[in-house]
Amino acid sequence: MSVRGKVLSVENMNPFVKNMEYAVRGPIVIRAGEIEQELSKGLKKNFTDVIRANIGDCHATGQKPLTFLRQVAAICTYPDVLLKDPNFPSDAKDRAQRILDGCGGKSIGAYSDSSGVRVIREDIARYITERDGQASDPDDIFLSTGASDGIKIIMKLLMTGQPGKERAGVMIPIPQYPLYTATIAEYNAYPIGYYLNEDKNWALDVNELKRSIDEAKPNCKPRAIVIINPGNPTGQVLTKENIQDVIKFAKEQNLFIMADEVYQHNVYAKGSEFFSFKKILTEMGPEYNNMELASFMSTSKGYMGECGFRGGYCEVINLDPAVRAMLLKSISAKLCSSISGQAVMGVVVNPPKPGEPSYDIFQKEKSTVLGQLAEKATMVTETFNSIEGITCNEVQGAMYAFPQIKLPQKLLEAAKAKGQAPDAFYCFNLLEETGICVVPGSGFGQVEGTYHFRTTILPPVEKLREMLGRFKDFHLKFMAKYS
Amino acid sequence: MNGATNNKVLTLDTLNPNVVKMEYAVRGPIVARAGEIEKELKEGVPKQFTKVVKANIGDCHATGQKPLTFLRQVLAMVTYPELLNSRDFPEDTKNRARRLLEGCRGGSIGSYSDSPGIAVIRQDIAQYISDRDGVPSASDDVYLCAGASAGIKSVLTMLLTGKGGTDKAGIMIPVPQYPLYSATLAEYDAYPIRYYLNEENHWSLDVSELKRSINEAKPNCRPKAIVIINPGNPTGQVLTRENIQSIIKFAKEEKLFILADEVYQHNIYADGSQFFSFKKVLKEMGDEYSSMELASFMSASKGFMGECGYRGGYSEIINLDPAVRLQYNKSISANLCPPVSGQAVIDCIVNPPKPGEPSYELFLKEKTKVLDLLLQKAKLVTKTFNSIEGIKCNEVQGAMYAFPQIFLPPRAIEEAKKQNKTPDSFYCFQLLEETGICTVPGSGFGEKEGTYHFRTTILPPIEELEAVLQKFKEFHIRFLQKYQ
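Those sequence lines, one after another, are chains Z and Y.
According to this note's numbering, the first sequence holds residues 1 to 483 in order.
According to this note's numbering, the second sequence holds residues 1 to 484 in order.
Check each hint, because a few of them may be wrong.
Pairs of lysine-lysine, DSSO-like flavour, derived with a Cα cap of 27 Å [to be verified]:
1) Z:K329 / Y:K42
2) Z:K418 / Y:K330
3) Z:K106 / Y:K365
4) Z:K221 / Y:K163
5) Y:K21 / Z:K165
6) Y:K168 / Z:K152
7) Z:K18 / Y:K163
8) Y:K417 / Z:K329
9) Z:K329 / Y:K39
10) Y:K39 / Z:K106
11) Y:K153 / Z:K329
Think of the hints as simulated: they come from the structure by calculation, not from any bench.
Isolated chain Z (complex conformation) (with noise of 0.2 Å):
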């Protein structure tokens, strides 16, 4: 029986959740809550203030909505009086009115179709289609709440429904964001882990697939191989040939490619470049162009920021039409994804163009945040790699740094006596003494004997620069501590 007469304890719950972490909001967060809360009650610290560098939230440290895409979805809340409102360009109110008339009553208010709004799916088609130079169907496009929820959609496709060696098996990257890992545990799937080579920018080796999954067939029935390009943590940007590797390997082994490109508008450094997928299968001939493929993109990351809209789509090629139909049953359940996320989705595929009204000003703010980010990229690389024991590959893309400290053996002991993680170790004692809040490298996932926290590139450039000073004073105190 259960605990004190309770129907649900820990013993008896779903032993899958009990298996699931989710490191980006886990332990080290919840203590930098903890903290929070014993700032605003007075109590002193050698800070005063927690700086919140485990999540990519733009808008969180600062960062501005972009004002055209505020403008259309306030228009779409309240059209009534807004279509009216002088003080709105009207380019904004063209593309609140199409959005509009797309949905049931007029009003943002009614479900859409489970796949999503339809001319919001051929805005998006169409935005695919000028990005890789290959044509986009609406009808494989789905809206999802974030990318998250379309990739747990497809994922579940994927399962088996059988246990043991029948398992689902999954390749994922390691170091990976621990949503994949999360929804494996969840889902009672089998991990099948690709070490991205740290040596070589973090590049994805077909050496290296074929190991994890050679290893991985007696334990699983290996199904799909995902691939986050731009990387996260890692924020490395795939070359072409990389791409072309991991989508051979894919075609040999007869997997479905999960592609997690939520990062495309975010690609910093010269010389990279970002290549879709899709545009790189298209490319591959017949022997490659009808592969299954899910690719993901969200409105959390870009220029955008919009991480509390929860707006994502999927666009996913070359499904049996028998498993098409399946898909769209399984997804009608939960009836449809916010509209407000998907109007928001609507104008990054839709942006204003040259001639708009909204247009100057638009491209001015977007290349704001990029410039700025790209300014981040660079300073937080360069200052990791300037500090003794920390090594620090190329911010390309995405908004993460992710470096490697090496820590001394008597860390390692002081860490091993508390039972916890050595970068877990680490980051808790980053936290406690200057109120800095990044992720443990572990919860990503990393070489065994390689140890690495992930920080996010998002502060404000002059908050960025203090935090890294801080970071400095803390690392150079807490080493000598322990050599």
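Got chain Z sorted already, so can you dock chain Y onto it with the hints?
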């Protein structure tokens, strides 16, 4: 190899079998057909009707209901805070908007919130519940979610055993039920323990039936929870206090977690019907019952608001073991948070204008108008169906649907069999093809063997509703004659 003839990774054979199993009739095949017919009408294909009447889904705005002004004013301002400087918005909406923005990191609804939702909104919800029930509510027990559906699924996830066969979790669900439940249980490979509502007694829940269903199920699963929908969907009954007490006593005896789907709590029409929350009744039953685990669900999609598209909802989950609560909090963290705009909508519902505030009069007027119309429509629909031979309809006491029973002639049932359709599907498809009225066959919700029903909403505008009911009546008479 996967054995697929076309080398696909995913085929019907290799696809997740639970996905293959699940059905959601509210957006099922008949609705797909209705969509095709709409296209045909657009293309000028001649039919006996000029438009499809979507009476399949509880979507108020889609049938012309207007959003509440106050709500959309607050939402517009949190979306585009520039509007806080506008003279077109009353002071109380500005105060609400500022308060919400202050609760957001960076003062923006574009930031992720905490996974259970924005703190001030959770507090407002706790206040709303306390005011409604006269029983205190703790904001730590409150979780915003992306529509009640998402909250319901996240609680059901916790109850699964992770094992197969007779060790699967068993969840008691009403028959008929809103098919989110059967769909989710199929998806999760849990065991549905079906208890029949009593059509002869206003769709009540009889304890003897609850006992029968759980006893029959026990060899096949591990019963964990009972779902009650009150007011009911599709059945529209509003449970009496006594009925709620008897269910709680049953759940206590059988050691069941209670899930109370209360999304229609504002939709009460019948004289003598009153909404009692499970939380209130449970707490008033004293120490023996007041520490039972209970999750109650509410939504922005129904009531007088009809804000389906915002995906706003909340759950209040009480008496969880503290270690389990931590696990639950962790389980919702990887989804980050529910849409912040939907959270803001919920706040407007639980923290509406108060008497004396500038928006109060208009708010009350708009709310009353919507609810009055729904009440009128509920009565009209019940009355009309009961006036037609071969149809019997329990009173629509609440919610947004009628679920009439249709007595089908044996020849119609045979014809349905020949076409491989359930008899009520057969009926509903013909209704759609001949009149353009799209309803959902009773078989999509579950029903007693040998009985046939369909669910229609009561949502079309009242002027249209009379015409629709007339068309329906003519169809029904024709149908009966055809299969006599």
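Hints, one by one, checked against the model:
For the hint pairing K329 of chain Z with K42 of chain Y, the CA-to-CA distance comes to about 25 Å; that is within 27 Å, so the pair holds. For the hint linking K418 of chain Z to K330 of chain Y, the alpha-carbon distance of about 23 Å falls within 27 Å, and the restraint holds. Restraint check for K106 of chain Z and K365 of chain Y: the C-alpha separation of about 22 Å stays at or below 27 Å, so the hint holds. Of the supplied pair hints, the one linking K221 of chain Z and K163 of chain Y holds, its CA atoms being roughly 19 Å apart against a limit of 27 Å.
Restraint check: the Cα-Cα separation between K21 of chain Y and K165 of chain Z comes to about 22 Å, which is no more than 27 Å; the hinted pair holds. The suggested pairing of K168 of chain Y with K152 of chain Z holds, with an alpha-carbon distance near 23 Å, which does not exceed 27 Å. Taken as a hint, the K18 of chain Z and K163 of chain Y pair is honoured in the structure, with Cα atoms around 14 Å apart against an allowance of 27 Å. For a cut-off of 27 Å, the pair hint linking K417 of chain Y to K329 of chain Z stands: about 24 Å separates their Cα positions.
Between K329 of chain Z and K39 of chain Y, the direct Cα distance comes to roughly 20 Å. Compliance with the 27 Å bound is thereby established for this hinted pair. With a C-alpha separation of about 18 Å, the suggested pair K39 of chain Y and K106 of chain Z falls inside the 27 Å cut-off, and the hint holds. At roughly 16 Å between alpha-carbon atoms, K153 of chain Y and K329 of chain Z fall within 27 Å of each other, so this suggested pair holds.
Hint compliance for this structure: every hint is met.
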